[in-house]
Amino acid sequence: MKITIVGAGQVGGTLAEHLAGEANDITVVDINGNRLQELQDRLDIRTVLGMGCHPDVLLRAGMEDADMIVAVTSSDEINMLACQVAYSLFRTPTKIARVRAQSYANPRFRDKLFTAEHIPVDVLITPEQVVTDYIRRLVEQPGSLQVLDFANGIMQLVAVRAYNGGPLVGKQLRSLKEHLPKVDTRVAAIFRHDRSIVPKGDTVIEAGDEVFFIAARDNIRTVLGELRQQELPYRRLIIAGGGNVGFRLAQALEHDYNVKIIEFTRARCEFLAEHLDRTTVLNGSATDQDLLREENIDKTDLFLALTNDDEVNIMASLLAKRLGCRKVLTLIQNPVYADLMQAGEIDIAVSPQQATASLLLTHVRKSGAVNVHSLRRGAAEALEIIVHGDAKSSKVVGRKIEDIVSPPGATLAALERNGKVVIAHRDTVIENGDHVIVFVVDKRRVKDIERLFQVGFSFF
Amino acid sequence: MHPAVVSRILGLFLMLFSITLLVPIVVSVAYTEDTAEAFFLAFAITFSLGMLMWLPFSRINAELRTRDGFIITVLFWLALGLTGTLPLLLVDSLALSFSDALFESVSGITTTGGTVISGLDDLPRSILYYRQQLHFLGGIGIVVIAVAIMPMLGIGGMQLYRTEMVGPSKETKMTPRIAETAKALFLIYVMLNAACTLAYWAAGMTFFDALTHSFSTVATGGFANYDTSIGQFDNNLIYAICIIFMVLSSISFGLHYYTWIRGTVFHYWRNPEAKAFLLILLGCSVVVCGYLFFARVYGMEQSVVHGIFQLVSITTTTGFATANFSAWPSFLPFFLLVMSFFGGCVGSTTGGVKMGRMLIMYKQVMREIARLVHPSGVFSMKVRNWAVPTRVTDAVWAFFGVYLAVYYLIVLLLLAAGMDFVTAWSATAASLNNLGPGLGDVAAHFGDLNAFSKWVLVVAMILGRLEIFTVLVLFSPMFWRR
Numbered sequence: 001m002k003i004t005i006v007g008a009g010q011v012g013g014t015l016a017e018h019l020a021g022e023a024n025d026i027t028v029v030d031i032n033g034n035r036l037q038e039l040q041d042r043l044d045i046r047t048v049l050g051m052g053c054h055p056d057v058l059l060r061a062g063m064e065d066a067d068m069i070v071a072v073t074s075s076d077e078i079n080m081l082a083c084q085v086a087y088s089l090f091r092t093p094t095k096i097a098r099v100r101a102q103s104y105a106n107p108r109f110r111d112k113l114f115t116a117e118h119i120p121v122d123v124l125i126t127p128e129q130v131v132t133d134y135i136r137r138l139v140e141q142p143g144s145l146q147v148l149d150f151a152n153g154i155m156q157l158v159a160v161r162a163y164n165g166g167p168l169v170g171k172q173l174r175s176l177k178e179h180l181p182k183v184d185t186r187v188a189a190i191f192r193h194d195r196s197i198v199p200k201g202d203t204v205i206e207a208g209d210e211v212f213f214i215a216a217r218d219n220i221r222t223v224l225g226e227l228r229q230q231e232l233p234y235r236r237l238i239i240a241g242g243g244n245v246g247f248r249l250a251q252a253l254e255h256d257y258n259v260k261i262i263e264f265t266r267a268r269c270e271f272l273a274e275h276l277d278r279t280t281v282l283n284g285s286a287t288d289q290d291l292l293r294e295e296n297i298d299k300t301d302l303f304l305a306l307t308n309d310d311e312v313n314i315m316a317s318l319l320a321k322r323l324g325c326r327k328v329l330t331l332i333q334n335p336v337y338a339d340l341m342q343a344g345e346i347d348i349a350v351s352p353q354q355a356t357a358s359l360l361l362t363h364v365r366k367s368g369a370v371n372v373h374s375l376r377r378g379a380a381e382a383l384e385i386i387v388h389g390d391a392k393s394s395k396v397v398g399r400k401i402e403d404i405v406s407p408p409g410a411t412l413a414a415l416e417r418n419g420k421v422v423i424a425h426r427d428t429v430i431e432n433g434d435h436v437i438v439f440v441v442d443k444r445r446v447k448d449i450e451r452l453f454q455v456g457f458s459f460f
Numbered sequence: 461m462h463p464a465v466v467s468r469i470l471g472l473f474l475m476l477f478s479i480t481l482l483v484p485i486v487v488s489v490a491y492t493e494d495t496a497e498a499f500f501l502a503f504a505i506t507f508s509l510g511m512l513m514w515l516p517f518s519r520i521n522a523e524l525r526t527r528d529g530f531i532i533t534v535l536f537w538l539a540l541g542l543t544g545t546l547p548l549l550l551v552d553s554l555a556l557s558f559s560d561a562l563f564e565s566v567s568g569i570t571t572t573g574g575t576v577i578s579g580l581d582d583l584p585r586s587i588l589y590y591r592q593q594l595h596f597l598g599g600i601g602i603v604v605i606a607v608a609i610m611p612m613l614g615i616g617g618m619q620l621y622r623t624e625m626v627g628p629s630k631e632t633k634m635t636p637r638i639a640e641t642a643k644a645l646f647l648i649y650v651m652l653n654a655a656c657t658l659a660y661w662a663a664g665m666t667f668f669d670a671l672t673h674s675f676s677t678v679a680t681g682g683f684a685n686y687d688t689s690i691g692q693f694d695n696n697l698i699y700a701i702c703i704i705f706m707v708l709s710s711i712s713f714g715l716h717y718y719t720w721i722r723g724t725v726f727h728y729w730r731n732p733e734a735k736a737f738l739l740i741l742l743g744c745s746v747v748v749c750g751y752l753f754f755a756r757v758y759g760m761e762q763s764v765v766h767g768i769f770q771l772v773s774i775t776t777t778t779g780f781a782t783a784n785f786s787a788w789p790s791f792l793p794f795f796l797l798v799m800s801f802f803g804g805c806v807g808s809t810t811g812g813v814k815m816g817r818m819l820i821m822y823k824q825v826m827r828e829i830a831r832l833v834h835p836s837g838v839f840s841m842k843v844r845n846w847a848v849p850t851r852v853t854d855a856v857w858a859f860f861g862v863y864l865a866v867y868y869l870i871v872l873l874l875l876a877a878g879m880d881f882v883t884a885w886s887a888t889a890a891s892l893n894n895l896g897p898g899l900g901d902v903a904a905h906f907g908d909l910n911a912f913s914k915w916v917l918v919v920a921m922i923l924g925r926l927e928i929f930t931v932l933v934l935f936s937p938m939f940w941r942r
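Chains A and B are the protein sequences, given in the same order. Heads up: the first sequence at position 369 corresponds to 369 in our numbering, and the numbers run straight through without jumps. Residues are numbered in our numbering as their position in the second sequence, beginning at 1, plus a constant of 460.
Chain A with its partners taken away, still in its complex shape:
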């Protein structure tokens, strides 16, 4: 697939990295030569220096035969214009633009505005919103490390660290059924010391394991309780950093939680105070011990460090934890830091690029995947694939799970059939139209999975 990425910032760079590893032809366009040089040194891509919305620059970037343009510069307008130029001059089939301003994304205008005859953008992505949603799900499911929605949110894949005290810890997986006779769930993968273990009936869960399980949304809390002591829901939150993510998150949570937000710049504080209804806006530094004490950090359930500075986030989180905060969640951009901090003092590390890249991957994949989630910093992936075909044309339709020859490291974890959650067991038969959630421990196996679900020619 030939893909042009306009904008080599954090999102563009991460995306290029993800996609270049999958045998795609990537061209990155940016006005910053140094940034391009740095990417080119690291990745097998082509780079073009110039303004991403200028027709001649796009021509040089090979837009004439590109399959997709992904415009992710920091300017909404440049992104939209790049898509417009790509469509008008080169008839590019798929156009994705990063649009941050909430006004454009407002459903009242969006549907009329972003059509082929007006502003031809197929997919609008707002990284801040994606990250906000990602964190919001974590706040709503206390104890989880990562929560992913599938099948429009009726089913969730949850990552959790097993702790001593969880009823299931130290027991075999098959005893899950005895513990929770009414709840249907499936453990999709277990990571122990950063290495994956294929979950089988006799696998024993140990304390410290990172367990991925899938269940209907309403059952998530029950299952979480099996792997660790039941967590009380969060009530009091302190958000450090009132940038786009902090602001959006406060906006989303302020009506259900007691939210305080700490922001360093005075002017931004005033903006926040004006636009948030119930949130208490505090002007100061997130690493100010006195301020944190003053605001009862020791009675706070969750401290969220969401500034755009990794070091500040980490230090503030460590400080909050030391001062007695129950849980800390830290936004970490640098993958090295993320590996370093997770499972230490910091309870939940969130990588913003990860969340955004997952969303983009969904549109890049050709396998009919409606949802792709990148996990464990890109090493693993969870896909939601729609099954087509019949017993003749497809390798999966009409077969039991145990009869399907799936590539090593891949687990068919669950299905969505007519709006209902069906947890996959050995004798579950796959039908045409099912949404199958596949967990792939090793990303290099994604190709095999795509091949498995492809429809043979007889289908047409």
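Keep in mind that the hints were calculated from the coordinates and are not lab data. Since the model is a prediction, treat every value here as computed from it, not as a measurement. Cβ atoms here follow ideal geometry from the backbone N, Cα and C, with glycine treated the same way. Hints are not guaranteed to be accurate.
[Said to hold, decoys possible] List of simulated lysine to aspartate or glutamate pairs, EDC-like, C-alpha gap at most 16 Å:
{"id": "1", "chain 1": "B", "residue 1": "K842", "chain 2": "A", "residue 2": "D277"}
{"id": "2", "chain 1": "A", "residue 1": "K443", "chain 2": "A", "residue 2": "E17"}
{"id": "3", "chain 1": "B", "residue 1": "K823", "chain 2": "A", "residue 2": "D277"}
{"id": "4", "chain 1": "B", "residue 1": "K823", "chain 2": "A", "residue 2": "E274"}
{"id": "5", "chain 1": "A", "residue 1": "K2", "chain 2": "A", "residue 2": "D25"}
{"id": "6", "chain 1": "A", "residue 1": "K392", "chain 2": "A", "residue 2": "E345"}
{"id": "7", "chain 1": "A", "residue 1": "K395", "chain 2": "A", "residue 2": "E431"}
{"id": "8", "chain 1": "B", "residue 1": "K842", "chain 2": "A", "residue 2": "E270"}
{"id": "9", "chain 1": "A", "residue 1": "K200", "chain 2": "A", "residue 2": "E402"}
{"id": "10", "chain 1": "A", "residue 1": "K112", "chain 2": "A", "residue 2": "D122"}
{"id": "11", "chain 1": "A", "residue 1": "K420", "chain 2": "A", "residue 2": "D184"}
{"id": "12", "chain 1": "A", "residue 1": "K2", "chain 2": "A", "residue 2": "E17"}
{"id": "13", "chain 1": "A", "residue 1": "K420", "chain 2": "A", "residue 2": "D218"}
{"id": "14", "chain 1": "B", "residue 1": "K842", "chain 2": "A", "residue 2": "E274"}
{"id": "15", "chain 1": "B", "residue 1": "K823", "chain 2": "B", "residue 2": "D854"}
[Unchecked claim] Cβ-to-Cβ under 8 Å is the rule here; a few derived chain B residues that face chain A:
{"id": "16", "residue": "I485"}
{"id": "17", "residue": "G837"}
{"id": "18", "residue": "F839"}
Fit chain B to the supplied structure of chain A, relying on the hints for placement.
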């Protein structure tokens, strides 16, 4: 300052006003009364006075400045108050002194509604009509001035309209041009009057009573054609109509305009000021009715009727009476008079400090408390989703401070004139808030006061109506410096 332009405009105003004096002549002829001559004389004097001020400068057409706006506004009320006395002085049967006539005229034009005349039932109809017409004209003046002059003062006037206008499809201002806005408000005002007249008429008043009482209801004035005020009719339906129109007239006319162009009513509830006003009315009616009932002043039905009516009448600074509330247990008269400080909403015909400003002050107090709890906190003062600029809160507090200072100054002057405390306190509240009836010696009418007190109260009424600052501006040396 352009004295010539000011004189021209004022002359124009006076000529317009003089034309309205022709209506009482029609009333006089229709009821075959002997007052037509006096009204015609008053018309002639006022008209020639206006002509005299207008004619020499009719060709001068200089641009008006903000400062001229203040002068014109103040002079407009003064001139109307003064010339308004003419018919009252010229009708021999009234036998009013100049102070009395001035009090009556200013009370009418500022929609206060306190009267010096007793024995209203026997007055000629044309005089009764004329008093009510003063209310009607005063009401227009207030509504138009609220649009044209008050925004210049920046004391939390029209900005509050904007809080309702949220979302992309709504206008930030009612209409782009101030003249258009004034026209729209005038239209709303006239329609409210028409609706009120029809409702009264249908409920059993004579057409004359219906028309005149609708004038004083919608202008939230309070003049009635009877000594027993609206209690004369002793009709619960009329009371109910009166309550409804008093409340409607106390809500920002901008909101009514919105109803008119959009055909919805939900925005009343979304407007923080109107919502606070309605909630306070609701909460306080429970207090008043409950107190009346449990203090055994009235039975259940009477408690509810008189309680709600008196509360609405006094909070909206109308001043109609169905019962002699000054004789109620003393908690209630004082409670009700304090309510008159709240008044209605900004941009309506009511007096008092106004609900919008009270709301802003309340929010300010809550913000100070929040600041004490969170020393590092940054709090924005929001009325709905409009962040109130500091400029406005400053002006509102200054206004409130001056309002209280003027209030006590006037109480002191009245005490110096030999009035007892309750009378002085209530008479000041009744005048400064443009309410009407007070307690003690002024519970029924102001006729028994000495001339000095009447003049002081006349000043209080004008200060209250012009929201003090408009007048104070004229007394600042800075204003007159070139």
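Going down the list of hints, with the structure as the test:
1. Of the supplied pair hints, the one linking K842(B) and D277(A) holds, its CA atoms being roughly 9 Å apart against a limit of 16 Å.
2. Taken as a hint, the K443(A) and E17(A) pair is honoured in the structure, with Cα atoms around 13 Å apart against an allowance of 16 Å.
3. The hinted pair formed by K823(B) and D277(A) meets the criterion: a straight-line CA distance of about 13 Å does not exceed 16 Å.
4. About 14 Å separates the Cα atoms of K823(B) and E274(A), which keeps this hinted pair within 16 Å; it holds.
5. At roughly 5 Å between alpha-carbon atoms, K2(A) and D25(A) fall within 16 Å of each other, so this suggested pair holds.
6. Between K392(A) and E345(A) the CA atoms are separated by roughly 53 Å; this puts the pair beyond 16 Å, and the hint is violated.
7. For the proposed pair K395(A) and E431(A), the alpha carbon gap of about 11 Å is at most 16 Å, so the pair holds.
8. Straight-line distance between C-alpha atoms of K842(B) and E270(A) comes to about 12 Å, which keeps the hinted pair within the 16 Å bound.
9. Restraint check for K200(A) and E402(A): the C-alpha separation of about 13 Å stays at or below 16 Å, so the hint holds.
10. At roughly 12 Å between alpha-carbon atoms, K112(A) and D122(A) fall within 16 Å of each other, so this suggested pair holds.
11. Distance check on the hinted pair: K420(A) and D184(A) sit about 12 Å apart at the alpha-carbon level, within 16 Å; holds.
12. As the CA atoms of K2(A) and E17(A) are separated by approximately 14 Å, the hinted pair is consistent with the 16 Å bound.
13. For the suggested pair K420(A) and D218(A), the alpha carbons sit about 13 Å apart, so the restraint of at most 16 Å is met.
14. Between K842(B) and E274(A) the CA atoms are separated by roughly 7 Å; this keeps the pair inside 16 Å, and the hint holds.
15. Between K823(B) and D854(B) the alpha-carbon distance is near 13 Å, which keeps this suggested pair within the 16 Å criterion.
16. With its C-beta approaching chain A no nearer than about 58 Å, I485(B) sits outside the 8 Å limit, and its interface hint is violated.
17. Restraint check, G837(B) versus chain A: the minimum CB separation of about 5 Å is within 8 Å; hint holds.
18. Restraint check, F839(B) versus chain A: the minimum CB separation of about 6 Å is within 8 Å; hint holds.
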